[in-house]
Amino acid sequence: MILQKEASSSAKPDSAGLSSEEISRLNSHFAAIIEFSDDAIISKNLDGIIQSWNNGAQRIFGYTADEVIGKSVTILIPEGLQNEEPAIIGRIRRGERVDHYETIRKRKDGALLNISLTVSPIKDDSGKIVGASKIARDITDSKVAAEALRKAKEDLVKANEDLEERVRIRTASLKEAVAQMEEFSYTVSHDLRGPVRAMQGYAVAVLEDFSDRLDARGRDYLERIVRGSNRMDKLIQDVLIYSKLAQTQVDLRHVSLNHVVREIIQQYPEMYTPNVEIIIDQPLDAVWAHEASLVRAISNLLNNAKKFVAPNVIPKIEIFTERRGDKIRLWIKDNGIGIKPEYHHRLFGMFERVGQNSAYEGTGIGLAIVKKSIEKMGGTVGLESDGLNGSAFWIELPAST
Amino acid sequence: MILLVEDSEDDVFLFERAMIKAQVSLPVHNARDGQEALDYLQAAGKYDDRNSFPLPLLILLDLKIPLIHGFEVLRWVRGQPSLNNIPVVMLTSSLEEKDRARAIQMGADGYLIKPPTRESLAQVFENGSVKTFPRHDQRTPASEN
Chain C
175 MILQKEASSS AKPDSAGLSS EEISRLNSHF AAIIEFSDDA IISKNLDGII
225 QSWNNGAQRI FGYTADEVIG KSVTILIPEG LQNEEPAIIG RIRRGERVDH
275 YETIRKRKDG ALLNISLTVS PIKDDSGKIV GASKIARDIT DSKVAAEALR
325 KAKEDLVKAN EDLEERVRIR TASLKEAVAQ MEEFSYTVSH DLRGPVRAMQ
375 GYAVAVLEDF SDRLDARGRD YLERIVRGSN RMDKLIQDVL IYSKLAQTQV
425 DLRHVSLNHV VREIIQQYPE MYTPNVEIII DQPLDAVWAH EASLVRAISN
475 LLNNAKKFVA PNVIPKIEIF TERRGDKIRL WIKDNGIGIK PEYHHRLFGM
525 FERVGQNSAY EGTGIGLAIV KKSIEKMGGT VGLESDGLNG SAFWIELPAS
575 T
Chain A
-10 MILLVEDSED DVFLFERAMI KAQVSLPVHN ARDGQEALDY LQAAGKYDDR
40 NSFPLPLLIL LDLKIPLIHG FEVLRWVRGQ PSLNNIPVVM LTSSLEEKDR
90 ARAIQMGADG YLIKPPTRES LAQVFENGSV KTFPRHDQRT PASEN
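Chains C and A, in that order, are what the protein sequence lines are.
In terms of my numbering, the first sequence opens at residue 175 and continues consecutively.
In terms of my numbering, the second sequence opens at residue -10 and continues consecutively.
Chain A on its own, in the form it takes in the complex:
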């Protein structure tokens, strides 16, 4: 299961299509805003059944989403020891190097510029499944690349 936190239907469509093109067939759950993403990850509200809504293998997080900003969601996720193993990849149309640097510094595992393409998805998927990212507790804070 991949948690795709994205408010634009078009971007959800384009992302899923790029996944198909990249021959990745993992199921995707779309959270439409930051709060919904937090609810999902905490098994709160309509997501209280972990069997139907298992913890994701990957969180794809748009920066500019309603209610809670992508960076805030990222900060929250990285503050949860139980979620430490889940890679978080930021998904954004921002070409700002500043945003990218900040995301990595805040503990994101990657940064995808929208629209995702078959090629750019190779940064995230490998042989049809989520790539192995270095574990957070083994990373030095200085490794920002």
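Excised from the complex, chain C in its bound form:
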């Protein structure tokens, strides 16, 4: 509007009551704004002939004002997009604006630019549309950035898919391995135990059905077969438990030791008085654990505590918890034969039996199972014993409040 005023060059105050001097000052003010705008600001008439051309236009398109004023804007339009101009002009004629229209234009050097166009009608004093002002912003950089972003996103999605595929393949092979392991365990537990059971069963049958024809030596041999096969059966079971432990994932929950310990003791009649004296003198603290694994570990330790006593001694087991920072240590203290300190480090290994006395029967896997199950739950195990005055085994697990 202001520029047209300048064109009409009226000295009289206009309808807004501005003097020609004021108008002239405003005009140079706006002209400066236009001149120094980063965007290309171009005006053209309805035939598409360029009327004005600012610095921004020169910077973006590479033509000077002298080179383009009086020429058709179509010199800026790449081949193939030439039909855009009549469409834009058509809209301008109808008094419409073209807002942030993203298209491609050509520089003087032929390079193509991504630009965002805003085209508005220019009206004369009588309101007649005489041309268009065109503001073009070079968005090539942001286009490039957007394209790079899109590519990066695409790469990310691809990488993600690759990763997922690899995880899928690995999971599948892992599942297969676990399935094979389970099948193996199953077969072992069924097929390996079968013959052992038969040996044990027939030996017992001979002992029972032919006892009148057996002397003490014959009975002793058969009893040894029974003991041997029982031990073999226990070994198979323990090895299976141990091997399964390695691959089982355990969920940790709040477990009340009070509840669990009392339940275990109740389940085993051999843990009742007068067979054993068990003292739980105060409430036991709760821990974070996998209940089944914890039950197995505690049962094992209680069994050991009861088993490894000198002849004619009634096992006395003390059970208590000790708070150690954010951990709870469950102590199982016995009056048994104890374990010399030099053997402590071997005790939790597989197939380790530190007692020489065969009267104390065991597979040598029990404590390995205890250690493994507790470690699976993020806990630790240990013992204190001087080898004379009983043993005190402990299990340490995170406390649960």
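Bear in mind the hints are in silico, worked out from the structure with no lab data behind them.
All figures in this text were calculated on a predicted structure; none of them were measured in a lab.
Ideal Cβ placement from N, Cα and C applies to all residues, glycine included.
Heads up, a few of these hints could be off.
Unchecked claim - Heads up, simulated DMTMM-like pairs for lysine to aspartate or glutamate below, C-alpha to C-alpha not over 25 Å straight-line:
| # | chain 1 | residue 1 | chain 2 | residue 2 |
| --- | --- | --- | --- | --- |
| 1 | C | 490 | C | 455 |
| 2 | C | 408 | A | -2 |
| 3 | A | 53 | C | 357 |
| 4 | A | 53 | C | 356 |
| 5 | A | 87 | C | 465 |
| 6 | C | 550 | A | 88 |
| 7 | C | 349 | C | 253 |
| 8 | C | 550 | A | 85 |
| 9 | C | 245 | C | 221 |
| 10 | C | 408 | A | 61 |
| 11 | C | 349 | A | 61 |
| 12 | A | 53 | C | 365 |
Unchecked claim - Each pair of labels, with its calculated beta carbon distance range:
| # | chain 1 | residue 1 | chain 2 | residue 2 | range |
| --- | --- | --- | --- | --- | --- |
| 13 | A | 9 | C | 440 | 29 to 37 Å |
| 14 | C | 561 | A | 16 | 56 to 64 Å |
| 15 | A | 43 | C | 344 | 52 to 60 Å |
Claimed, not checked - Over 10 Å on every C-beta distance to chain A, these chain C residues come out as not near it, computed from the model:
| # | residue |
| --- | --- |
| 16 | 209 |
| 17 | 277 |
| 18 | 283 |
| 19 | 290 |
| 20 | 296 |
| 21 | 298 |
| 22 | 311 |
| 23 | 322 |
| 24 | 333 |
| 25 | 364 |
| 26 | 376 |
| 27 | 430 |
| 28 | 460 |
| 29 | 473 |
Position chain A relative to chain C; hints supplied.
Then chain A, alone, in the frame of chain C:
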């Protein structure tokens, strides 16, 4: 008549011996694989004479048997309305709690760990005959114990 589905001769011997020890003197018919068990129960093939091969009072079913797995036999039996009243007790050396839970869930009435003993047979027999098990149509699916 008790149908003992078991492929191991030793286990058949040990089972029959445990029955004697538990003072149960019911006759036992041994089917050596899953297919033979199905034939017996359907009076098919060599078992087509129901008089000689009456429907059993109890089916003792080993889990791991040739041809048709114990669970499959169990599924088939529980799908036969005419056999609904016959208790099925699984007989296995598997100590897997998973197997036990599955057997009960699939409609088994009990689960005996091999070798059977005088004591463990008390879960199945009472005063020399087969215990009365709750009828299947009266059980709630949730009662898995």
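Structure-based check of each hint:
1. 490/C to 455/C: The given pair, whose Cα atoms are some 13 Å apart, holds under the 25 Å limit.
2. 408/C to -2/A: 23 Å, holds
3. 53/A to 357/C: Roughly 12 Å separates the two Cα atoms, so the pair holds.
4. 53/A to 356/C: 15 Å, holds
5. 87/A to 465/C: 16 Å, holds
6. 550/C to 88/A: Holds, at roughly 24 Å.
7. 349/C to 253/C: 60 Å, violated
8. 550/C to 85/A: 20 Å, holds
9. 245/C to 221/C: 10 Å, holds
10. 408/C to 61/A: 29 Å, violated
11. 349/C to 61/A: Roughly 24 Å between the alpha carbons, so the hint for residue 349/C and residue 61/A holds.
12. 53/A to 365/C: This hinted pair holds, its Cα atoms lying about 9 Å apart.
13. 9/A to 440/C: 29 to 37 Å: 33 Å, holds
14. 561/C to 16/A: 56 to 64 Å: 60 Å, holds
15. 43/A to 344/C: 52 to 60 Å: 56 Å, holds
16. 209: 84 Å, holds
17. 277: Non-interface label stands for residue 277/C: nearest chain A Cβ at 67 Å, farther than 10 Å.
18. 283: The assertion about residue 283/C holds, with a minimum of 76 Å to chain A.
19. 290: Given a closest Cβ separation of 66 Å, the condition holds.
20. 296: Non-interface label on residue 296/C holds, nearest chain A Cβ at 83 Å vs cutoff 10 Å.
21. 298: 89 Å, holds
22. 311: Holds: least Cβ distance 69 Å, greater than 10 Å.
23. 322: 54 Å, holds
24. 333: 39 Å, holds
25. 364: Answer for residue 364/C: violated, closest chain A Cβ roughly 5 Å.
26. 376: 8 Å, violated
27. 430: 21 Å, holds
28. 460: Label holds. Min Cβ-Cβ 24 Å, cutoff 10 Å.
29. 473: Since the minimum Cβ distance to chain A is about 15 Å, residue 473/C lies beyond 10 Å and the statement holds.
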